[in-house]
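Engineer: Count along the sequence shown starting at 1, add 87, and that's the number in my numbering.
Fair warning: there could be bad hints in the mix.
[Stated by the list, open to error] Label-pair restraints from in silico Cβ distances:
1) ASN145 x GLY103: 26 to 32 Å
2) ALA121 x GLY158: 32 to 38 Å
3) ASP159 x ALA121: 29 to 35 Å
The set of hints was computed from the structure by calculation and includes no laboratory data.
From a predicted model like this one, the values you see are computed outputs, not experimental measurements.
By construction, the Cβ of each residue, glycine as well, lies at the ideal position given by its N, Cα and C atoms.
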Amino acid sequence: MSSPELANPGDASDVGTCRAHLEALAEALHLSPALRAEIYQLNGSQRSILHARNLAANGLSEQIGCERVEGDGWWFTWSWGDTIGPASDPVGVAKVIGHMLRLKVPDVQLR
Numbered sequence: 088m089s090s091p092e093l094a095n096p097g098d099a100s101d102v103g104t105c106r107a108h109l110e111a112l113a114e115a116l117h118l119s120p121a122l123r124a125e126i127y128q129l130n131g132s133q134r135s136i137l138h139a140r141n142l143a144a145n146g147l148s149e150q151i152g153c154e155r156v157e158g159d160g161w162w163f164t165w166s167w168g169d170t171i172g173p174a175s176d177p178v179g180v181a182k183v184i185g186h187m188l189r190l191k192v193p194d195v196q197l198r
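With the hints as extra help, turn the sequences into a complete structure.
Structural biologist: Here's what the structure looks like:
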């Protein structure tokens, strides 16, 4: 994937929407007992990020963001800014993250 054309920083509703998407992704990542996901608020900002890590190999971890892409909705992003997948598909994105962290994430549906 490539770097998205990000929308202008949003208002408080964007902050809440981003956090809700990250919470859904954390739930999907927790389907694998080998993954841990925690959401943090960035220092000096209202923005949140998700820290995903492989419990069997603490060195394998990644920071995940969620950004509103102009004309294309919400997308999860890698720490370097490239898109991972749409926020409407947290299970699919969890599989991509699990693959990057060298794990198999179960094929399930969220409620």
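Engineer: Determine for every hint whether it applies to the structure shown.
Structural biologist: Structure-based check of all given hints:
Look at ASN145 against GLY103: about 31 Å separates their beta carbons, and that is inside 26 to 32 Å. The supplied range of 32 to 38 Å is met by ALA121 and GLY158, whose beta-carbon atoms lie about 37 Å from each other. A hinted range of 29 to 35 Å holds for the C-beta pair ASP159 and ALA121, which are about 32 Å apart.
Comparing the model with each numbered hint stated earlier shows that all of them hold.
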